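Protein chains in written order, with UniProt numbering: chain A, 1 to 347; chain B, 1 to 437.
Hint data in this document are derived by calculation from the structure and do not stem from the laboratory. This one's a predicted model, so the numbers in the text were calculated from it and none came from an experiment. Take every hint as true, because none was put in to throw you off.
Stretch by stretch, here's where chain A covers chain B in the computed footprint (C-beta under 8 Å, at least three residues):
1) 4–15
2) 70–84
3) 94–102
4) 105–114
List time: in silico SDA-like cross-link candidates among lysine to any residue, alpha-carbon distance up to 20 Å:
5) A:Lys-129 / B:Tyr-122
6) A:Lys-340 / B:Phe-173
7) B:Lys-59 / A:Phe-130
8) A:Lys-129 / B:Val-115
9) B:Lys-250 / B:Pro-180
10) A:Lys-129 / B:Tyr-121
11) A:Lys-340 / B:Arg-166
12) B:Lys-333 / A:Glu-341
13) A:Lys-340 / B:Ala-332
14) B:Lys-431 / B:Asn-358
15) A:Lys-172 / B:Ala-349
16) A:Lys-134 / B:Ile-67
17) A:Lys-172 / B:Ile-5
18) A:Lys-129 / B:Lys-59
19) B:Lys-63 / A:Glu-133
20) A:Lys-340 / B:Met-337
21) B:Lys-333 / A:Tyr-332
22) B:Lys-399 / B:Met-337
23) B:Lys-350 / A:Leu-6
24) A:Lys-340 / B:Lys-333
25) B:Lys-63 / A:Phe-72
26) B:Lys-352 / A:Leu-6
27) A:Lys-109 / B:Ala-18
28) B:Lys-128 / B:Ala-52
29) A:Lys-340 / B:Phe-100
30) A:Lys-340 / B:Thr-330
31) A:Lys-215 / B:Tyr-122
32) A:Lys-109 / B:Ile-80
33) A:Lys-129 / A:Val-224
34) A:Lys-129 / B:Ile-119
35) A:Lys-109 / B:Glu-7
36) B:Lys-333 / A:Pro-333
37) A:Lys-109 / B:Ile-5
38) A:Lys-340 / B:Asn-175
39) B:Lys-128 / B:Ile-141
40) A:Lys-340 / B:Gly-165
Ideal Cβ positions, reconstructed from N, Cα and C, are used throughout, including at glycine.
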Amino acid sequence: MHVLQLAIPPDFPLPIPGNLSLLEFLIVLTFLLHIVFVNLTISLANGAIALEGVGMIKKSKRLDDMARICSFHASVHKSIAVVLGVAPLLIISVIYTQYFYTSTLLIGKAWLSIIILLITSFLLLYLYKFSWEKWENKKGLHFIVGLIASAILLFIPFIFIVNIVSMLYPEKWETANGFFHSIVHYPQIWQRYAHFILASLAAGGFYMYFYFTWKQKKQTLSDVEQTLKIGGVKVTFWITLLQLVFGSLLLMSFRRDVMLLFMGDDLLLTTLLLTSILLTIVLCALLYVAMKKDTPKWFYASIACFVLIVALMGWMRHEVREAYLQPYMDEYPRTFDVQKENVQPIK
Amino acid sequence: MNFPIVEFPWFGNGNIVALIAIIHVLISHGVAIGATAIVVSTEYYAMQTKNAKLDQLAKQMTKWIVIITTTIGAMTGVGIWLSTMVIQPDSIGSLLRIFFWAWVTEWVIFIGEVVLLLIYYYTWEKWKEGRKKQKHLNIGITLSIFSWLTMAIITGILAAKLTPGRWMETLSFWNAFFNPTYLPSLAFRTFLAVTLTISLFTIFVRLFVKDEDVRPQLFRIFSIWGAISLPATFVFGLWYLKSIPEQAAKLIVWSTGLPEQTFNVLNIFAFVLIVVFLAWLVIRPKKLPIVLALAMFVSAIGFIGEFEVVRESVRKPYIIYNYMYVNGITKAKAEAMNREGYLAHSTIAKVKEITDENKLEAGREIYLGQCLACHTIDGWRSKRALANRLDGWSQETIKSFIPNMHNVRPMMPPFVGTEEELEALAAYLYKVVNEQN
Numbered sequence: 001m002h003v004l005q006l007a008i009p010p011d012f013p014l015p016i017p018g019n020l021s022l023l024e025f026l027i028v029l030t031f032l033l034h035i036v037f038v039n040l041t042i043s044l045a046n047g048a049i050a051l052e053g054v055g056m057i058k059k060s061k062r063l064d065d066m067a068r069i070c071s072f073h074a075s076v077h078k079s080i081a082v083v084l085g086v087a088p089l090l091i092i093s094v095i096y097t098q099y100f101y102t103s104t105l106l107i108g109k110a111w112l113s114i115i116i117l118l119i120t121s122f123l124l125l126y127l128y129k130f131s132w133e134k135w136e137n138k139k140g141l142h143f144i145v146g147l148i149a150s151a152i153l154l155f156i157p158f159i160f161i162v163n164i165v166s167m168l169y170p171e172k173w174e175t176a177n178g179f180f181h182s183i184v185h186y187p188q189i190w191q192r193y194a195h196f197i198l199a200s201l202a203a204g205g206f207y208m209y210f211y212f213t214w215k216q217k218k219q220t221l222s223d224v225e226q227t228l229k230i231g232g233v234k235v236t237f238w239i240t241l242l243q244l245v246f247g248s249l250l251l252m253s254f255r256r257d258v259m260l261l262f263m264g265d266d267l268l269l270t271t272l273l274l275t276s277i278l279l280t281i282v283l284c285a286l287l288y289v290a291m292k293k294d295t296p297k298w299f300y301a302s303i304a305c306f307v308l309i310v311a312l313m314g315w316m317r318h319e320v321r322e323a324y325l326q327p328y329m330d331e332y333p334r335t336f337d338v339q340k341e342n343v344q345p346i347k
Numbered sequence: 001m002n003f004p005i006v007e008f009p010w011f012g013n014g015n016i017v018a019l020i021a022i023i024h025v026l027i028s029h030g031v032a033i034g035a036t037a038i039v040v041s042t043e044y045y046a047m048q049t050k051n052a053k054l055d056q057l058a059k060q061m062t063k064w065i066v067i068i069t070t071t072i073g074a075m076t077g078v079g080i081w082l083s084t085m086v087i088q089p090d091s092i093g094s095l096l097r098i099f100f101w102a103w104v105t106e107w108v109i110f111i112g113e114v115v116l117l118l119i120y121y122y123t124w125e126k127w128k129e130g131r132k133k134q135k136h137l138n139i140g141i142t143l144s145i146f147s148w149l150t151m152a153i154i155t156g157i158l159a160a161k162l163t164p165g166r167w168m169e170t171l172s173f174w175n176a177f178f179n180p181t182y183l184p185s186l187a188f189r190t191f192l193a194v195t196l197t198i199s200l201f202t203i204f205v206r207l208f209v210k211d212e213d214v215r216p217q218l219f220r221i222f223s224i225w226g227a228i229s230l231p232a233t234f235v236f237g238l239w240y241l242k243s244i245p246e247q248a249a250k251l252i253v254w255s256t257g258l259p260e261q262t263f264n265v266l267n268i269f270a271f272v273l274i275v276v277f278l279a280w281l282v283i284r285p286k287k288l289p290i291v292l293a294l295a296m297f298v299s300a301i302g303f304i305g306e307f308e309v310v311r312e313s314v315r316k317p318y319i320i321y322n323y324m325y326v327n328g329i330t331k332a333k334a335e336a337m338n339r340e341g342y343l344a345h346s347t348i349a350k351v352k353e354i355t356d357e358n359k360l361e362a363g364r365e366i367y368l369g370q371c372l373a374c375h376t377i378d379g380w381r382s383k384r385a386l387a388n389r390l391d392g393w394s395q396e397t398i399k400s401f402i403p404n405m406h407n408v409r410p411m412m413p414p415f416v417g418t419e420e421e422l423e424a425l426a427a428y429l430y431k432v433v434n435e436q437n
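Work out the full structure: start from the sequences and follow the hints.
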């Protein structure tokens with residue numbers, strides 16, 4: 001591959017502050033923790049307005065109560081999602097500086113807009129949550145507040161996805177022209193977005209199942225809570241089945257040599273992918289049982305399955321990035337030992 | 001100039017970070033740190049005196065702490081970082097390499113802080129009586145400690161940018177973290193946080209707490225805290241001031257953009273105002289004038305704005321003292337760039353060798369790389385706008401000034417590059433300045 005003309009900058013003269021394998025492990029772990037809470041925030045906020053909207057049409061108090069529960073959980077999880085996001089952002093900045101900083105600056109203004117967008121969305125989410133009773137007679141307004149907050153939450157992933165996809169394609173930087181152009185300029189964007197939004201819905205559904213099954217162990221669930229629990233299982237089941245299709249679409253959108261790593265060229269990566277597919281099928285079977293018979297019997301098995309799938313996804317995601325960047329790594333080395341001559345001025 | 005450049009031609013690149021940072025300091029110090037301490041002490045006092053109304057008021061304040069800190073507070077905190085990545089990638093990237101583990105530690109504490117805050121607020125009604133109330137209070141005390149600890153870590157990093165101390169020789173993390181201004185600035189910020197809370201919250205308490213019994217009680221608590229925090233802020237502020245480098249101290253008045261006399265009058269006025277305000281809280285808490293509370297609110301915001309602008313500007317011409325200039329060029333690399341060319345060392349520069357045809361384009365690239373950090377061509381801050389500063393200058397004058405500007409104006413970094421590059425920059429600046437005027 002011809003990589004000499006690319007705008008990949010030299011690494012900083014100050015060394016990467018730690019063992020690379022440890023940092024790679026930490027980036028996978030902390031990103032997963034972060035993204036699960038992001039998934040929950042997005043799906044529960046959108047779930048809340050969907051339930052409220054349908055409740056308004058059907059004049060159903062039950063649906064409204066369900067929406068309210070979702071909005072409460074969304075507003076708590078969004079706070080956790082933000083703080084958990086700091087660590088993966090820290091690590092990606094220090095171990096992929098040359099690629100990640102450039103891809104960020106290529107969409108600099110969109111990147112900055114995240115601050116205003118998230119503040120707006122979060123404030124509206126609080127307004128949505130705290131005005132539920134007060135605005136009982138202004139349902140339309142209440143719904144619109146939630147709708148704007150949720151719509152913003154659906155938009156922001158594009159900015160992050162464009163950024164982390166763009167960093168994989170240094171040869172396309174030259175022809176990229178800002179954020180909106182980048183959405184169509186780089187491959188994978190829509191496939192990643194669809195995979196991510198579906199994952200959010202599945203995680204949100206699973207969270208409802210998890211939370212209310214756990215609560216059920218301490219107290220009897222109300223009718224609304226019971227419906228949310230079973231509804232959560234159903235959502236997770238159907239969405240997870242769909243993910244088998246959308247996951248495959250994402251795989252097919254990768255550069256051919258990267259895709260083939262997961263299809264026999266690399267034993268480890270192929271095993272990871274097959275295991276994740278197998279576990280997904282097992283999870284669906286467990287959820288199917290939970291859907292048909294309301295029994296906590298397979299509860300822990302399904303949690304274990306869910307956690308393992310998420311872990312495998314995070315691991316594979318990291319391997320995809322490594323595979324994409326591999327061709328550039330030798331040409332544009334990272335700094336592991338301090339380059340003293342470039343740090344301390346000659347006296 | 002190794003990363004793509006994002007330009008804010010009217011607002012000015014540096015102002016983006018400053019705006020976000022000022023909002024963040026107001027909230028992190030005034031709401032997350034100071035207000036939490038005051039709320040927890042209010043809960044304690046209410047518990048001791050069995051005062052249910054005061055307890056509810058503390059809960060109400062906590063609700064606002066939750067709303068503000070988990071939205072604007074958290075997002076401007078992350079936002080300083082998101083924006084410095086865009087505006088000063090070389091600087092923040094280097095700081096991350098030096099202070100990575102400090103940031104990781106801060107992150108862990110930050111998670112604790114947010115979780116504790118959520119628990120503290122959402123269990124207020126659940127843990128109401130006896131032992132449970134004590135447990136609730138303990139959560140609050142732990143929360144206060146956590147929120148202070150996040151500041152204690154970040155302050156190490158911020159202080160190192162001005163005074164990296166022995167780090168330049170040893171490159172040791174510990175030398176960088178425990179740098180000469182660390183302790184004074186931490187002490188100053190600790191008490192500033194409390195003073196700030198009182199100044200910011202009083203107007204809201206005055207306007208929205210209608211109960212005439214409970215409001216003076218809360219003001220009483222404010223005044224006790226104020227009696228400790230105001231003198232401490234002043235004393236530790238002086239210590240902090242004495243510990244910064246002499247060259248930086250000289251730039252304080254300049255960095256506010258005010259004439260020296262106005263600067264002195266304003267700051268003395270603000271100090272007198274806060275003394276009067278606190279005295280009023282102590283003597284007549286029931287009759288606090290709204291105007292006084294409002295004046296306090298406005299001057300607190302003004303003071304934080306001033307403090308942040310000064311703290312960022314007195315470092316000039318550096319962004320990390322003695323290591324990196326404000327435009328991201330390291331002192332160690334400057335020599336090679338003078339010899340081999342600034343553009344030759346810039347990954348993203350399109351022009352590597354200057355010809356008559358590409359001279360202006362080269363000049364623009366040098367402008368973006370070396371001047372944009374502080375200047376605009378024609379932005380709203382006229383003192384930073386080159387169309388204003390270089391109005392009426394000939395190309396020759398611009399060219400002869402640039403190599404000497406750091407001697408005449410010590411806050412400016414030296415020009416870095418070859419003779420041809422200097423020529424190109426002068427030609428470009430002359431052209432755009434005259435197009436504007």
